[in-house]
Amino acid sequence: MKKETASDRRKFILNMARGAGITALGGFVWSAYVDEVIASPLTLRPPGALKEEDFLKTCIKCGLCVEACPYDTLLLAKPGDHKPLGTPYFIPRDIPCYMCPDIPCVPVCPTGALDESSVTTNGELDITEADMGLAVIDDNSCIAFWGIQCDACYRACPLLGEAISVIYEKNERTGKHAFLKPIVHADVCTGCGLCEKACVTEKPAIFVLPREVSEGKAGNYYIKGWDKDDEKRLEQAHEIKTQTKLSKESAIDSLNDSGDLY
Amino acid sequence: MQKLWNNYRYLFFRRFTQIGLLVLYFGANAWGWTILMGNLSSSLLLNVVPLSDPYAALQMLAAGAVLATDLLIGAFIITMFYLLIGGRAFCSWVCPINIVTDAAALLRRKLGVDKISKRQPASRNMRYWVLALSLILSFAMGVTAFEFISPISMLHRGIVFGLGFGWAAMLIIFLLDLFVLKNGWCGHICPLGGFYSLVGKVSLVRVHHLEENCTLCMKCKVVCPESQVLHMIGKESLPVISGECTNCARCIEVCDDEALEFSIRKLAKNKNIGE
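Which chain is which? The protein sequence lines are A and B, in order.
Under the working numbering, think of the first position of the first sequence as 147, with each following residue one higher.
Under the working numbering, think of the first position of the second sequence as 4, with each following residue one higher.
To be clear, the hints were calculated from the coordinates, so they are not data collected in a lab.
Check the hints yourself; a few may be wrong.
Below, simulated SDA-like cross-link-like pairs (lysine to any residue); rule was C-alpha separation at most 25 Å, straight line [unchecked claim]:
#1 B:K113 x B:I255
#2 A:K197 x B:M144
#3 A:K224 x B:T37
#4 A:K197 x A:R357
#5 B:K185 x A:T169
#6 A:K229 x B:A33
#7 B:K204 x A:N161
Please build the complete structure, drawing on both the sequences and the hints.
Listed below in structure tokens is the structure:
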């Protein structure tokens with residue numbers, strides 16, 4: 147009898163260890179896959195979407211936004227789309243976001259992954275607050291930058307004259323013509339992609355990218371001295387002293403004795 | 004004809020609800036019906052009632068998401084519903100993968116695969132490990148881990164919104180169930196089944212065995228996808244209390260001796276005490 151309980155215990159421990167082992171192996175493959183798909187950075191989300199990191203946590207992949215979209219803009223990622231599976235996205239060159247004033251895709255979201263408050267001003271839905279991405283222009287392939295007259299993107303923009311404007315410049319090559327160059331204003335652009343859809347070049351010269359991809363960052367150590375609000379940041383500024391191994395000694399010493407530099 | 008109906012009546016109703024739900028969801032996306040919109044992860048019934056997958060909500064919680072009210076209400080409704088009609092009733096009456104794995108199990112019986120390889124190489128408790136793992140991964144990676152690989156949502160979304168390469172996953176599950184492991188996906192691996200097994204531990208609607216009618220033909224054990232839950236067959240009159248029972252009712256309809264029937268948990272218990 148006693149012998150049997152001992153072997154039962156062994157069996158139990160062995161089974162648990164086996165379970166843990168298989169779980170660890172499965173977890174490794176599983177996490178590697180998930181890590182891979184969530185790293186696809188070129189995904190354009192519906193209006194009002196949370197930050198990508200929070201969006202992936204919160205989206206339940208129900209497709210209600212996709213069904214609400216009257217233009218069939220939104221798609222749910224299928225296996226093979228190389229996007230986080232089941233999450234909504236859109237391809238502006240195929241069907242852009244037409245920026246419906248009543249934004250049907252956002253209020254239907256059951257989880258708040260599409261956040262109504264982020265597209266609301268003064269208690270009313272406001273699609274111009276949407277921030278799906280930012281249009282960028284490749285001035286090498288944009289024919290307007292060559293001097294050929296084209297304002298397709300400018301005309302297509304639903305925030306005409308605000309998100310894209312055209313600047314005039316002298317064409318030095320001909321000496322008598324003007325460039326009419328489109329410029330995107332990052333603070334206004336919603337990333338709807340109507341410009342990308344309208345672009346006449348073979349592969350669009352203006353295209354929407356998620357902001358994390360299309361924007362740089364100056365860093366908060368640069369302050370615009372001409373901007374009163376920005377300059378206020380100086381009031382909270384405090385000194386940061388950095389001391390490296392070399393600067394710990396006096397300057398001369400560090401020149402004479404390069405220490406462990408070489 | 005009567006016998007055919009008797010032997011397949013629940014199967015017919017199950018396929019009817021499974022396919023009917025798919026048609027409603029499909030119609031919502033394709034033709035703008037508003038009866039049932041969304042998909043099995045989360046839906047909207049008649050444009051008013053939110054319904055959400057409580058297991059997905061649990062993963063979101065583990066991932067650190069802020070749970071919206073609609074989602075909580077939806078998950079609560081669904082949990083209550085399955086507490087009432089049997090936890091894994093989802094598996095056999097709603098889940099579209101069930102059609103795939105039932106087909107594999109049928110073919111497996113027809114081909115006599117189990118006669119050739121008797122040993123089952125894996126434990127049915129694996130699903131609870133997978134369940135735990137999904138929550139750990141959700142927590143560690145900040146995403147709903149199972150929702151990213153779930154073949155259930157893949158197939159279901161696939162039918163409503165476009166399948167893509169999802170058919171490959173279905174094929175893998177079919178072949179796994181057919182050749183590698185009997186009831187491999189639904190009975191061993193699927194963490195959603197594991198989750199509903201836990202819900203089912205306390206749910207109300209049960210299959211009840213009447214030992215005095217049993218002729219020990221064991222047809223019920225052959226068709227049962229979770230045959231371990233039928234351990235009392237021919238031994239004792241007991242309700243099937245294991246949460247792993249999917250309430251698919253195949254055992255009830257294949258039984259020619261009326262030794263199995265549906266009953267409500269509490270009544271079943273009282274009856275037992277009364278005897």
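For each hint, the structure was consulted:
Restraint check for K113 of chain B and I255 of chain B: satisfied, since their Cα atoms lie roughly 21 Å apart, inside the 25 Å limit. This hinted pair checks out: K197 of chain A and M144 of chain B have alpha carbons roughly 15 Å apart, not beyond 25 Å. Between K224 of chain A and T37 of chain B, the direct Cα distance comes to roughly 24 Å. Compliance with the 25 Å bound is thereby established for this hinted pair. Distance restraint check for K197 of chain A and R357 of chain A: the Cα-Cα separation of roughly 10 Å lies within the 25 Å cut-off, and the hinted pair is therefore satisfied.
For the proposed pair K185 of chain B and T169 of chain A, the alpha carbon gap of about 20 Å is at most 25 Å, so the pair holds. About 23 Å separates the Cα atoms of K229 of chain A and A33 of chain B, which keeps this hinted pair within 25 Å; it holds. About 23 Å separates the Cα atoms of K204 of chain B and N161 of chain A, which keeps this hinted pair within 25 Å; it holds.
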